[in-house]
Amino acid sequence: MSLALGDIAVKIGAELRGDGSVSIYRLATLENAGDGDLSYIVSPKFKKQAAISKASAMIAYPGFESKRLPLLVIKDPHLGFARAMRIFHRSYPQVSPGRDRSAVVAGDVKIPPGAYIGENAVILRGVSLGEGTEIHAGAFIGENVALGQNCRIFQNVTIRENVKIGNNVVIYSNAVIGSDGFSYCWDGERHLKIPQAGTVIIEDDVEIGAGTTIDRATLGETVIGRGAIIDNLVQIAHNCRIGEYSIICAQVGIAGSSTLERGVTLAGQAGLGGHLTIGENAVIEGQSGVTSDVPAGAVYFGCPARDIGLAHRIEAILNRLPEYISRIRKLESLFKKEQ
Amino acid sequence: MSLALGDIAVKIGAELRGDGSVSIYRLATLENAGDGDLSYIVSPKFKKQAAISKASAMIAYPGFESKRLPLLVIKDPHLGFARAMRIFHRSYPQVSPGRDRSAVVAGDVKIPPGAYIGENAVILRGVSLGEGTEIHAGAFIGENVALGQNCRIFQNVTIRENVKIGNNVVIYSNAVIGSDGFSYCWDGERHLKIPQAGTVIIEDDVEIGAGTTIDRATLGETVIGRGAIIDNLVQIAHNCRIGEYSIICAQVGIAGSSTLERGVTLAGQAGLGGHLTIGENAVIEGQSGVTSDVPAGAVYFGCPARDIGLAHRIEAILNRLPEYISRIRKLESLFKKEQ
Amino acid sequence: MSLALGDIAVKIGAELRGDGSVSIYRLATLENAGDGDLSYIVSPKFKKQAAISKASAMIAYPGFESKRLPLLVIKDPHLGFARAMRIFHRSYPQVSPGRDRSAVVAGDVKIPPGAYIGENAVILRGVSLGEGTEIHAGAFIGENVALGQNCRIFQNVTIRENVKIGNNVVIYSNAVIGSDGFSYCWDGERHLKIPQAGTVIIEDDVEIGAGTTIDRATLGETVIGRGAIIDNLVQIAHNCRIGEYSIICAQVGIAGSSTLERGVTLAGQAGLGGHLTIGENAVIEGQSGVTSDVPAGAVYFGCPARDIGLAHRIEAILNRLPEYISRIRKLESLFKKEQ
Chain A
245 MSLALGDIAV
255 KIGAELRGDG
265 SVSIYRLATL
275 ENAGDGDLSY
285 IVSPKFKKQA
295 AISKASAMIA
305 YPGFESKRLP
315 LLVIKDPHLG
325 FARAMRIFHR
335 SYPQVSPGRD
345 RSAVVAGDVK
355 IPPGAYIGEN
365 AVILRGVSLG
375 EGTEIHAGAF
385 IGENVALGQN
395 CRIFQNVTIR
405 ENVKIGNNVV
415 IYSNAVIGSD
425 GFSYCWDGER
435 HLKIPQAGTV
445 IIEDDVEIGA
455 GTTIDRATLG
465 ETVIGRGAII
475 DNLVQIAHNC
485 RIGEYSIICA
495 QVGIAGSSTL
505 ERGVTLAGQA
515 GLGGHLTIGE
525 NAVIEGQSGV
535 TSDVPAGAVY
545 FGCPARDIGL
555 AHRIEAILNR
565 LPEYISRIRK
575 LESLFKKEQ
Chain B
245 MSLALGDIAV
255 KIGAELRGDG
265 SVSIYRLATL
275 ENAGDGDLSY
285 IVSPKFKKQA
295 AISKASAMIA
305 YPGFESKRLP
315 LLVIKDPHLG
325 FARAMRIFHR
335 SYPQVSPGRD
345 RSAVVAGDVK
355 IPPGAYIGEN
365 AVILRGVSLG
375 EGTEIHAGAF
385 IGENVALGQN
395 CRIFQNVTIR
405 ENVKIGNNVV
415 IYSNAVIGSD
425 GFSYCWDGER
435 HLKIPQAGTV
445 IIEDDVEIGA
455 GTTIDRATLG
465 ETVIGRGAII
475 DNLVQIAHNC
485 RIGEYSIICA
495 QVGIAGSSTL
505 ERGVTLAGQA
515 GLGGHLTIGE
525 NAVIEGQSGV
535 TSDVPAGAVY
545 FGCPARDIGL
555 AHRIEAILNR
565 LPEYISRIRK
575 LESLFKKEQ
Chain C
245 MSLALGDIAV
255 KIGAELRGDG
265 SVSIYRLATL
275 ENAGDGDLSY
285 IVSPKFKKQA
295 AISKASAMIA
305 YPGFESKRLP
315 LLVIKDPHLG
325 FARAMRIFHR
335 SYPQVSPGRD
345 RSAVVAGDVK
355 IPPGAYIGEN
365 AVILRGVSLG
375 EGTEIHAGAF
385 IGENVALGQN
395 CRIFQNVTIR
405 ENVKIGNNVV
415 IYSNAVIGSD
425 GFSYCWDGER
435 HLKIPQAGTV
445 IIEDDVEIGA
455 GTTIDRATLG
465 ETVIGRGAII
475 DNLVQIAHNC
485 RIGEYSIICA
495 QVGIAGSSTL
505 ERGVTLAGQA
515 GLGGHLTIGE
525 NAVIEGQSGV
535 TSDVPAGAVY
545 FGCPARDIGL
555 AHRIEAILNR
565 LPEYISRIRK
575 LESLFKKEQ
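Residue numbers (the working numbering), protein chains in the order written: chain A, 245 to 583; chain B, 245 to 583; chain C, 245 to 583.
In short, the hints are calculated from the structure, not lab data. You may find that some hints are simply not true.
In this list, chains with the same sequence are indistinguishable; a pair is considered to hold if it fits within one copy or across any two.
In silico lysine to any residue, SDA-like type, Cα no more than 20 angstroms apart, as pairs [what the hints assert, rightly or not]: (1) 437 - 412; (2) 255 - 305; (3) 408 - 265; (4) 574 - 557; (5) 581 - 393; (6) 354 - 393; (7) 319 - 436.
With the rest of the complex left out, here is chain A (with noise of 0.2 angstroms):
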């Protein structure tokens, strides 16, 4: 397959500049492109890599110009980026419809003609799978789980009983959703298990990460709100609810009851405590240990985290702690000779 640069460009949202028919095979870095390949340049910070790329073309900033090649000037770069990679390649793997004769699915389950049940699935009473979903090789969905319209549940996944799921949910391999809530109380002589009779509701259009685990309420549901991402190995516990395209990156915790509203982003293995409130679009940076609310559009950092503003003087005089403590010194050392 290959496209005219010219073509790709009003697919993107670019403006070209330069030869708009070179033709383009396929997408590849700066410093991995050959002959045919469109690359990409997001920021002056690689320049020096763009000059000596052999790319046929890039895609570029405002303000960015070669000499040498035809250029695909978008605003946002990235943006440009994944356009075009959505246009040379396919988002999922591609799977034929149907049933795979190892699956095990109970006698009332109806397979929509477009839907695919991978080997050893199993899929127990009462689930309803919309059009074009998908159920890959050992996944695992329990009793009167609904799931909607081309959905992809890959390998390994289990999902437990009564868990709601719209439309364009994909849950990577091995992920669990709708475990128990880690919920228990001490009657003086045991850990008493508290029953966990909610569960877990995910809306349209969300991406679940490898190894995730998101669990079920105790009383009500857990909530993913429409268009979040989340990456692998996130701890998401019973009763929370993740705000509409929040975005979690992997290895984040979240203890029980917390709320994040709309847009908020977790950076990597960052932790809140239960019961807080994440406002809209503010930022947790990475590994930051959140054990109050946060406001709106802030931006927090470090255990126990503070505004970033904050955060960085500290961590700027911490820098020059041990020249802090010299100067204490010297003052001590001088009063008393004044003495």
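Using the hints, position chains B and C against chain A.
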């Protein structure tokens, strides 16, 4: 199903205040409760929500008063709630005894009449299963594993060879018990793998969360003590010993050969170095990194973890560190002026 | 099985001191050793335990002396122990070659005579398997995956399409190799998924722990270099390159496009930002958060991670910070008095 409030009072060990004939159909949070719902208030902090709750009755702490609603007063309202939840809900999903024909079970394995073997479960030779034990879909039970009575092994769990598990043990989906410890020795050319000849022993009444990994010992056993509860995505390395009734929250990691004594609490994302001892009833706060032994009853926080008193004093000072540095500068300039 | 101590000395490259005819039946720790056991002492720190150990012989560091017991003296007693363990124990469980009839294997896949395919394993079309390679129960091998010789893929592992794996690679239970990288771009309305068109290459002699996730590249490859060892629940993002013989401990997370050079050590729960380079033989201490490149041979600690020398000086000062603040106050009051 409904129960008279007065009957619930007796069952949960609470004191009835008000009309005991009120019919209760279910439990609900203060916010979500409606007609026929029993809710709960654990502390004065939630008085506002209680004042506008539409619950028909409340489990409440001693001292709480309501003119509107009948109350079940109990010293520990969370325990009252836990007990009430256990009246209205099963602690675990119900399954029908028997073996699904898609399960693969070695010829020498005896399945007790009340046991359950789910779809595509795999049970190898030499395995012993106690009465009432459930092996859910896709779980793997390796050679010579011993499982006691009334255990619940959820979907896609892996239990490797020779692991010994007591009674009433629950292992949630996709957990891995008895994988090889991370034990290698550099021989000058490569990391020489040390065979992991030991195993894992899990005592009675333990619960282990989804995606958690507990490694087998190099020699001897990794031991999870009776009644310990372990959340999701926890890592417990080879030769660790987890004390009875300990609490290990999500994403905690414990390096090799460390010991938790009885009743230890490790909050979320805490990490323990190897060969450490954490004393009875000690508490390690979230994200703390423990690098030395912790005495019984202590509370530690930070990375490296310190006694909570010192840790809090340091945190308070850090928040004012920019101010303190200004004060050092002021002293310096005053001293200079004076001279 | 038993071996004469003198024969073990030869096999592990140690110097025999004392009676080489002693029969050794097994290895044991100093505490647990009994008659017929060979134990080991790695440093003077364990002299007390050695003095009361009931072992029949000990592997010991040069300089250690015992009047009671014959010794195998070796510069690195841990390596001596590793070698002895490999004499007495298999490194991996033994399986009988052949394919279980419950496995689902695509028609075009050739199973070498010495290979093993376990119960309910799934192997899709285009897969190549080297001689002696084992695919354990419930594992999934996606389309066109190439597996070299003598690999061990444990239970419930997922290996996605097109991943390339060398010889002698071990992947422990429930790990996921080749899941989609976490790569999206906000288009003003939603997170646009960027197709992950690359793959994962795992070179020879790599070991990957239980529950670990290694994502495929956006373009090109995520590479795990020869002889690297990776513990449980580690996250390695798209386009990372892990240097040969690196050591990655449990729950480490590495963001996209970062590079470890040869022989790097990342201790437990450490986190690396994206697009970083960690130099040859560098060590990152536990729970550290790395936000910039690390030079070869450096040791870093903290979040953000600093050179260990500075980090330790800062830690020492922090422990005395309340005292230093008192000293500032005292200087202030002295100064005030003087005026």
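Quick rundown of the hints versus the structure:
1. 437 - 412: Answer is between; shortest inter-copy Cα gap is 12 angstroms, intra-copy 35 angstroms.
2. 255 - 305: Within one copy, since 17 angstroms is at most 20 angstroms while 64 angstroms is not.
3. 408 - 265: neither (49 angstroms within a copy, 36 angstroms between copies)
4. 574 - 557: Between. Shortest inter-copy distance 18 angstroms satisfies the 20 angstroms Cα cut-off; intra-copy 24 angstroms does not.
5. 581 - 393: neither (82 angstroms within a copy, 77 angstroms between copies)
6. 354 - 393: For residue 354 and residue 393, the Cα distance is within 20 angstroms only inside one copy (13 angstroms; across copies 36 angstroms).
7. 319 - 436: Result: close only across copies, 16 angstroms inter versus 57 angstroms intra.
Hint check: violations occur at hints 3 and 5; the rest are consistent with the structure.
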